[in-house]
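For reference, the chains in residue letters:
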Amino acid sequence: MYNKLKIFLFFCLILINYHSISQVQKNDSRELEDIRLIMNNIFKNKIYTRNFYFEEVTHELPSYFTSYSDCFKIFKNEFLFTDFVENKLFNLNKKDCDQLNYSIINDTAKVYIKKDWFTGVKVKILSDSVTQYKTNTYTKYTKPIFFRNNTRCFIVIYHSNYLNSFFLKKKYNNWVLDRPFIISVDD
Amino acid sequence: MKNSISASLIAVIVILLFTLSCNKNDISIVNSNNNANKDMLLSYLNQQKKIDLKASSFIDTLISKSNWSNLTETSISKDVKIIYVPLNYSRNRIGISFLYNNNTQSVYYSLITETPLRLSSISPTKNPILNKPSDIIIPTDAIRPIDVIAGFYKYNMNGYTGSIKAFSLSNSFLWEYGYQNGNRKYERYITNSNIVNESNKTSPKQSYSVSSNLVKSSGCVWSYLVTYYNDGSQDWDLIGLKCDDGNNCQTTIGISEGSDIIKSDCGGGGPGGGGSGNGDFDKIINDITDPCLKALITNLQNANKLTNEIGGILQNVFGKNEKIILNFSQDDNLKNKEGKDDYGKSFRDLNGVYQTKLNARLLNNDFSEERQTLTIMHEVLHDYFITQLNIYPNDHTFMLKYIYKMATSLEDLYPQLRQNPNLALALVFDNLESSVFRGDSKNLTLFEQTADGKIPYDLFNDAVGSSVLKNISTYQNLAGQAKGSKSNLGTKPCTSSNVNNN
Chain H
1 MYNKLKIFLF
11 FCLILINYHS
21 ISQVQKNDSR
31 ELEDIRLIMN
41 NIFKNKIYTR
51 NFYFEEVTHE
61 LPSYFTSYSD
71 CFKIFKNEFL
81 FTDFVENKLF
91 NLNKKDCDQL
101 NYSIINDTAK
111 VYIKKDWFTG
121 VKVKILSDSV
131 TQYKTNTYTK
141 YTKPIFFRNN
151 TRCFIVIYHS
161 NYLNSFFLKK
171 KYNNWVLDRP
181 FIISVDD
Chain U
1 MKNSISASLI
11 AVIVILLFTL
21 SCNKNDISIV
31 NSNNNANKDM
41 LLSYLNQQKK
51 IDLKASSFID
61 TLISKSNWSN
71 LTETSISKDV
81 KIIYVPLNYS
91 RNRIGISFLY
101 NNNTQSVYYS
111 LITETPLRLS
121 SISPTKNPIL
131 NKPSDIIIPT
141 DAIRPIDVIA
151 GFYKYNMNGY
161 TGSIKAFSLS
171 NSFLWEYGYQ
181 NGNRKYERYI
191 TNSNIVNESN
201 KTSPKQSYSV
211 SSNLVKSSGC
221 VWSYLVTYYN
231 DGSQDWDLIG
241 LKCDDGNNCQ
251 TTIGISEGSD
261 IIKSDCGGGG
271 PGGGGSGNGD
281 FDKIINDITD
291 PCLKALITNL
301 QNANKLTNEI
311 GGILQNVFGK
321 NEKIILNFSQ
331 DDNLKNKEGK
341 DDYGKSFRDL
351 NGVYQTKLNA
361 RLLNNDFSEE
371 RQTLTIMHEV
381 LHDYFITQLN
391 IYPNDHTFML
401 KYIYKMATSL
411 EDLYPQLRQN
421 PNLALALVFD
431 NLESSVFRGD
441 SKNLTLFEQT
451 ADGKIPYDLF
461 NDAVGSSVLK
471 NISTYQNLAG
481 QAKGSKSNLG
491 TKPCTSSNVN
501 NN
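Protein sequence lines, in the order shown, are assigned to chains H and U.
Residues 1 to 187 (the working numbering) make up the first sequence, in order.
Residues 1 to 502 (the working numbering) make up the second sequence, in order.
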């Protein structure tokens, strides 16, 4: 009886763990699906980012999204930005800010950009040797940070001469521009 | 035998029926597409009537004159197409050109365009329609207006000789460009002035500048149709005068059945005199501490909006709008992302305020007042572009459309520049030169060069080449005479004592 109880509990634990893992994977895959959708919309000019993506061009992308720690060094040094705070202009409440700030601090895992994400767009994924040593030769994209139940996200796109950051929102299962955040042009 | 004949007949009938049904489908698809386009365009035009109530009556006229059955469309890029609807006017070929975004599936811009029926010709060495070298001269009526307009938006006129004229949906003249063998020969705009200009009309046109028999008159606005020729000369044709009518009316040109008409465009800005004059200086904050640089910004802030278009942008976009604040501040250690010294930088900060930072130390050390003013204008345009959503393909390339506005605005602030033909324009090209792509342009397409926000080298070269200056070394030599802080023709940056004395 006791052994049967142990076996029963053991299988319950396995099931619970399996369910948790699969839920995480489901969340991950949903997030990846949104990332794929956002990147496609950006490169098809369906999300206005102040860059115009021409069909004729093969767009060069790094093999993974740029980390927020690199990007936010620029934010801090050039724009005196440290973290998100409640702000009506950008429609941010406390919970939004907590989520955003937490995601930025914990943005440690690499998320790889895949060529097969893009349909109808010519893309070339650059090798690490290029992205590590020729950092000013390609446009950098941060991984979209999702918040407010995955209905909004934040993204930064920058190159050596400009920086564009935006809030996007989900509308009818598609991602569109919500409002710009910091926009900068160097001369 | 009978069976085989019957079988053959049946086969023929089936084939005929199939073919006819396919044709019907084709026609119905075409009709359906045209009807869908018509509905969409009518919806857009009705929306414009609500947005611009003054234009409502004229848009109704346009709708009544639209030849929907001859609607055509052509692609500019994968993302954008032009839809052209001819208008039944008894004159040159006029139509409404709609710019349609395939991704958002909506019209984002429209204008009335006119191309001449006569006088157009094609160089025997190029066939613009087929875009191949050809010795065949195409009849003028085979030059479709839509192809000319598409060429304009693709920055490639393919050997076109003729003009393109544009009007707004409120029937106000926008611009006109003239071409010969695909090269631009002239540009034409309406300019308003509160001073009388006596243009030097002795031919041949030699001078870039307008003769300075100026008579000041307060309370009146003179409107001129100004033609800028690529040899540097200008024609100023007076088209109207409005004095103290208090209704903010300006003279413009509109289309009518027979020919263009001169008309009033009321509510379009009106005479403004000097300065913003509306007490909204607090919407433009000048926090520059260097007195010399501070004074240059104040000059632009106080410029006559009618004669200084960049000053007008500064005052109208930032000076009047309570929700948009522009702050000029000083950073004498300003660097770009690569850590190199920078003269200026513009951005929208985390509070939604538009910021322009200027390196006064570097500007005063390197540049004359005139050249510093161009840096200020350059940054103001960046701030302006950040407020807009249709910058194509990037800020600096889009700035090529403003080179003549920058040159005339600079001459407005420094009239002595007019004594040296083309000097202001040379300084403008010098200002934009640092924004040109510097990498290996041979292996990259024009579009690839725009990726880092720079002007493609070939586009910049074309802009210089089609101007009176013709080539880069010419403008560099000329600009060098007025660019530096100790140059012969430039105004030396002021010192603190000079500012106090002024």
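Derived by calculation from the structure, the hints in this document are not laboratory data.
Being a predicted model, the structure only gives us computed values, none of them experimental.
Don't take each hint at face value.
To be verified - Pairs of lysine-lysine residues, derived as DSS-like cross-links and limited to a Cα-Cα distance of at most 25 Å, are as follows:
hint	chain 1	residue 1	chain 2	residue 2
1	H	76	U	340
2	U	442	U	405
3	U	78	H	124
4	U	442	H	76
Now for the hints, and whether the structure bears them out:
{"no.": "1", "hint": "H/76 - U/340", "in the structure": "18 Å, holds"}
{"no.": "2", "hint": "U/442 - U/405", "in the structure": "31 Å, violated"}
{"no.": "3", "hint": "U/78 - H/124", "in the structure": "19 Å, holds"}
{"no.": "4", "hint": "U/442 - H/76", "in the structure": "37 Å, violated"}
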